[in-house]
Amino acid sequence: MKKLVLSALLLAGLSGTAVAQRNVSLGLKGGVSLANFAGKDAEAYKNIVGFQAGGFANIGFTRLFAFQPEILFSRKGAKLDSPDLTTRLDYVDVPLAFHVNTGGLFFEAGPQVGFLVSAKTKLGSISTDVKDGFNAVDFGYLFGLGYQRKSGPGIGLRYNGGFGNVGESVKVGNTTAQLRQRNSVFQLYATFSFQGR
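This note's numbering applies: residue 1 is where the sequence shown begins, and numbers increase by one.
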């Protein structure tokens, strides 16, 4: 929780400087996600539809390069058909995206850290809280492209992948079991930017 608060303070601090910086803009973003698990133990899983929403600060270093820290609420997870089991993982994600801009078109890549706030499985009509079985922090990466100006609407497509397994290891006697399943999410989103003065 301390890391989450520090991340929020960092973005708030960047936002405060945006008022005085002409090359900095603030923005809101939101969209839909196609989420699944990736890894050797994830073959049976299928996609679920999720979402993401939050805000960002776009900091232009030059006309070509920019840095965009974000704070997003993101729903991820996956499902099985047999049994009818859906896993939904809710994160507060902090992406640190580096942009290469050509006009309004941009390409982006960077690291991301996610803080798990909720984890539930639904088997048929029965929902169960399973947060204790999943790792509290998810380190990952992102890359994507889109169109975004310093002010006005924009659109983007991003892939977000996890470096580590989503589930915690389980120890049974002298044996430790670890499912090799990582987050894998495609995100289609819209943005709206506000130019600093």
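Treat the hints with care, as some may be off.
Distance condition first, Cα-Cα at most 30 Å in a straight line; then the derived DSBU-like pairs of lysine-lysine [unchecked claim]:
id, residue 1, residue 2
1, 120, 46
2, 40, 171
3, 40, 150
4, 46, 150
5, 79, 40
6, 122, 40
7, 171, 120
8, 79, 120
9, 131, 171
10, 150, 120
11, 79, 171
12, 79, 46
13, 131, 79
14, 122, 171
15, 120, 131
16, 131, 40
17, 46, 131
18, 150, 79
Think of the hints as simulated: they come from the structure by calculation, not from any bench.
What you are looking at is a predicted structure, and each value in this text was computed from that prediction instead of being measured.
How the hints compare with the structure:
1. 120 <-> 46: This hinted pair holds, its Cα atoms lying about 16 Å apart.
2. 40 <-> 171: 20 Å, holds
3. 40 <-> 150: 42 Å, violated
4. 46 <-> 150: 37 Å, violated
5. 79 <-> 40: Roughly 16 Å between the alpha carbons, so the hint for residue 79 and residue 40 holds.
6. 122 <-> 40: 23 Å, holds
7. 171 <-> 120: 22 Å, holds
8. 79 <-> 120: Since the Cα atoms of residue 79 and residue 120 sit roughly 12 Å apart, the hinted pair holds (cutoff 30 Å).
9. 131 <-> 171: 17 Å, holds
10. 150 <-> 120: Given pair residue 150, residue 120 is violated - Cα atoms ~38 Å apart, limit 30 Å.
11. 79 <-> 171: 25 Å, holds
12. 79 <-> 46: 5 Å, holds
13. 131 <-> 79: Holds: residue 131 and residue 79 sit about 16 Å apart, inside 30 Å.
14. 122 <-> 171: 24 Å, holds
15. 120 <-> 131: 7 Å, holds
16. 131 <-> 40: 22 Å, holds
17. 46 <-> 131: OK: residue 46 and residue 131 at ~20 Å, within 30 Å.
18. 150 <-> 79: Distance ~38 Å between residue 150 and residue 79 Cα, so the pair is violated.
Violated hints, in rising order: 3, 4, 10, 18; the structure is consistent with all others.
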